[in-house]
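Engineer: First to last, the protein sequences are chains C and W.
Counting from 1, one number per residue, gives the positions in the first sequence under my numbering.
Counting from 1, one number per residue, gives the positions in the second sequence under my numbering.
Hint data in this document are derived by calculation from the structure and do not stem from the laboratory.
Hints are supplied without guarantee of correctness; some may be wrong.
One copy or two, it doesn't matter: identical chains are merged, so the pair holds either way.
What the hints assert, rightly or not - Taking lysine-lysine and the DSS-like style, the derived pairs with C-alpha atoms no more than 27 Å apart in a straight line are:
1. K62 x K2
2. K204 x K62
3. K45 x K62
4. K2 x K66
5. K38 x K66
6. K306 x K62
7. K204 x K45
8. K306 x K66
9. K347 x K62
10. K45 x K274
11. K347 x K9
12. K347 x K306
13. K2 x K347
14. K62 x K274
Number of protein chains: 2
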Amino acid sequence: MKSIYRLEKPVYITASASVVGHEESEGPLAETFDTAVKGDDFFGKDTWEKAEAELQRLALSKALTKALMTDGEADIILSGDLLNQCIGSAQGLCGFVSPFLGLYGACSTAAEGLMLASLLSSAYGIRAAAVTSSHNASAERQFRSPLEYGGQRPPTAQWTVTGSGAFVLSCRRSDALRASPAGAAQLPEIFEVCPGRIVDAGIKDANNMGAAMAPAAADTLCRYFEGGGAMPQLILTGDLGFEGSEILMEIMADCGADISDRYNDCGLMIFDRKRQDKHAGGSGCGCSATVLAGHVLRQMRLGDLKDVLFLGTGALMNTMSVQQGADIPSIAHLVHIRSSAIGEEEKL
Amino acid sequence: MKSIYRLEKPVYITASASVVGHEESEGPLAETFDTAVKGDDFFGKDTWEKAEAELQRLALSKALTKALMTDGEADIILSGDLLNQCIGSAQGLCGFVSPFLGLYGACSTAAEGLMLASLLSSAYGIRAAAVTSSHNASAERQFRSPLEYGGQRPPTAQWTVTGSGAFVLSCRRSDALRASPAGAAQLPEIFEVCPGRIVDAGIKDANNMGAAMAPAAADTLCRYFEGGGAMPQLILTGDLGFEGSEILMEIMADCGADISDRYNDCGLMIFDRKRQDKHAGGSGCGCSATVLAGHVLRQMRLGDLKDVLFLGTGALMNTMSVQQGADIPSIAHLVHIRSSAIGEEEKL
Numbered sequence: 001m002k003s004i005y006r007l008e009k010p011v012y013i014t015a016s017a018s019v020v021g022h023e024e025s026e027g028p029l030a031e032t033f034d035t036a037v038k039g040d041d042f043f044g045k046d047t048w049e050k051a052e053a054e055l056q057r058l059a060l061s062k063a064l065t066k067a068l069m070t071d072g073e074a075d076i077i078l079s080g081d082l083l084n085q086c087i088g089s090a091q092g093l094c095g096f097v098s099p100f101l102g103l104y105g106a107c108s109t110a111a112e113g114l115m116l117a118s119l120l121s122s123a124y125g126i127r128a129a130a131v132t133s134s135h136n137a138s139a140e141r142q143f144r145s146p147l148e149y150g151g152q153r154p155p156t157a158q159w160t161v162t163g164s165g166a167f168v169l170s171c172r173r174s175d176a177l178r179a180s181p182a183g184a185a186q187l188p189e190i191f192e193v194c195p196g197r198i199v200d201a202g203i204k205d206a207n208n209m210g211a212a213m214a215p216a217a218a219d220t221l222c223r224y225f226e227g228g229g230a231m232p233q234l235i236l237t238g239d240l241g242f243e244g245s246e247i248l249m250e251i252m253a254d255c256g257a258d259i260s261d262r263y264n265d266c267g268l269m270i271f272d273r274k275r276q277d278k279h280a281g282g283s284g285c286g287c288s289a290t291v292l293a294g295h296v297l298r299q300m301r302l303g304d305l306k307d308v309l310f311l312g313t314g315a316l317m318n319t320m321s322v323q324q325g326a327d328i329p330s331i332a333h334l335v336h337i338r339s340s341a342i343g344e345e346e347k348l
Numbered sequence: 001m002k003s004i005y006r007l008e009k010p011v012y013i014t015a016s017a018s019v020v021g022h023e024e025s026e027g028p029l030a031e032t033f034d035t036a037v038k039g040d041d042f043f044g045k046d047t048w049e050k051a052e053a054e055l056q057r058l059a060l061s062k063a064l065t066k067a068l069m070t071d072g073e074a075d076i077i078l079s080g081d082l083l084n085q086c087i088g089s090a091q092g093l094c095g096f097v098s099p100f101l102g103l104y105g106a107c108s109t110a111a112e113g114l115m116l117a118s119l120l121s122s123a124y125g126i127r128a129a130a131v132t133s134s135h136n137a138s139a140e141r142q143f144r145s146p147l148e149y150g151g152q153r154p155p156t157a158q159w160t161v162t163g164s165g166a167f168v169l170s171c172r173r174s175d176a177l178r179a180s181p182a183g184a185a186q187l188p189e190i191f192e193v194c195p196g197r198i199v200d201a202g203i204k205d206a207n208n209m210g211a212a213m214a215p216a217a218a219d220t221l222c223r224y225f226e227g228g229g230a231m232p233q234l235i236l237t238g239d240l241g242f243e244g245s246e247i248l249m250e251i252m253a254d255c256g257a258d259i260s261d262r263y264n265d266c267g268l269m270i271f272d273r274k275r276q277d278k279h280a281g282g283s284g285c286g287c288s289a290t291v292l293a294g295h296v297l298r299q300m301r302l303g304d305l306k307d308v309l310f311l312g313t314g315a316l317m318n319t320m321s322v323q324q325g326a327d328i329p330s331i332a333h334l335v336h337i338r339s340s341a342i343g344e345e346e347k348l
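Okay, chain C solo, but in the shape it has when bound:
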């Protein structure tokens, strides 16, 4: 059974874009998003679902613009989201002319999209886009209860991020150089990936996704190290939040791999835990997608960060499966991103 795919031709993340809503625009990473809209989170639409679709449209448009590409120059678009039947992706990306592959990886979708996009790009020499989104209001009413209900949330509950992240990938260095922003010293590239397995840790509490997902993250991480994967500069999970992050570090320490000095979680980074009342942290497909597309890739382009294991985490449940008393199986997909220096001669 193949665990790790080491790409013969690494694939460049030529451009990335992020669009977020009100709460995220008040958080510590506000400055790193391309578009941070303060207000009612409707983004000019009349329903939360259409607003989420609009987020994806905005994010992919921005990413293509940053990649200096027109619509249609992407050979394929991969996308998914948390809405029933992924209508955020279908409606949001309906206007783009490129072929489309729908994904469902719950909150791991950013990693699943990057993984498949890089595998296809490396093997078939194509340009691929990966997109995902989540919206606090559409997710809360679908999975738990409408915001207007004002239900009290337990301390382990997380806050679904309103945001969309989009990435454009290419195996051509010239594409990456052309799109590289002024001041950038490095080009981020995906050079190995490790798809996750479904792990059922027996958790049934829909308000404790971190506990459900942490064992899946540990499973992927352990298989990665067992398969000869190197310890990176930063291990970055998608949305384990406070609870799940603690559990992951404990499991890894028990397995003999102390990761606590090089670990962070997008769900812990996007909100200020003290200032913003977000309980166990951010979550949702849009959480890891916007933090990676904004803050993390910017740091990599500037050379402040050179080697990131990005581990998208997803809980595979729906409202009815929780009502039926089923466990919440989870999954975590791993994408290893490193940066390569832009040579002096390449800057010309």
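Keeping the supplied structure of chain C fixed, place chain W upon it in accordance with the hints.
Structural biologist: Same frame as chain C, now just chain W:
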């Protein structure tokens, strides 16, 4: 923009399996399914959703057995279904140890899974499984109304198939030969694929999916022919049903490509239109998956059919998007399957 992926190494469908429920087991293809269970369609479970998950578990187990593989010998499993957040796949395939990629392609999922599985298998030399399912009772109550309500259906409505199809793919001819059933003369292989685009034809009627999906099928088919694709022996769509099939043939004729002498639709094949009251025909992820996994691939193995364009069709909507008055955008993914003769020396 790349439309058609011609595989350098064709990928064999080494084994396929199908499991269906009561209505399908009374239809004209009953004998071609591996498992056709007459009865209440609960498959030993206590909810429709768990029954659908069980269908996937049974189908993949059977396909692996027929491929002479044990659990874990598949390098990756790709799956998706129609249930909210694809829990049929998550719960049904939770017990398998192979890495998992979740897809959402609505009723086009069988084709999307085969497409991605063959692209990955060809490029990375892996063994991949593709699975999908639908269940009449879980789908009807989720998308329209519970069966117990007994709502009247318009003539254009289709009948969601209760069934799951699973496919095991490998680029190694030896795998295909080893798993080839007694009496088989040919090995079916995927040699080119064409991913679909999202097409919005402005249809808003959730009881007329055929009309929503036919323009997407035509778009993919036209791009395929424009890209130099050859006219096959059989063009087989997933679940356009009576209404959609007529529309597709009309659009194609208008475009100068009369396909009526070589066209069929899985939704028209799985039920007997006169004897079984299924209105415009079968639909659902399980429709195309079980017809392909059973009847069509059996014909290909026997040499009765040698060249099939399989065109999975999917409508990208959910209950809420219909309630909100949104259009139903659609997609169609194309997988071209041909068969190669088993040589006399290979039979030893």
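Engineer: Each hint should be assessed against the structure and marked as holding or not.
Structural biologist: Here's how the hints hold up against the structure:
| no. | hint | verdict |
| --- | --- | --- |
| 1 | K62 x K2 | between (35 Å within a copy, 22 Å between copies) |
| 2 | K204 x K62 | neither (38 Å within a copy, 29 Å between copies) |
| 3 | K45 x K62 | within (19 Å within a copy, 47 Å between copies) |
| 4 | K2 x K66 | between (35 Å within a copy, 21 Å between copies) |
| 5 | K38 x K66 | within (23 Å within a copy, 57 Å between copies) |
| 6 | K306 x K62 | within (24 Å within a copy, 45 Å between copies) |
| 7 | K204 x K45 | between (35 Å within a copy, 19 Å between copies) |
| 8 | K306 x K66 | within (21 Å within a copy, 46 Å between copies) |
| 9 | K347 x K62 | within (23 Å within a copy, 56 Å between copies) |
| 10 | K45 x K274 | neither (32 Å within a copy, 46 Å between copies) |
| 11 | K347 x K9 | within (22 Å within a copy, 39 Å between copies) |
| 12 | K347 x K306 | within (19 Å within a copy, 54 Å between copies) |
| 13 | K2 x K347 | neither (39 Å within a copy, 30 Å between copies) |
| 14 | K62 x K274 | neither (32 Å within a copy, 53 Å between copies) |
In summary, the numbered hints that this structure violates are 2, 10, 13, 14.
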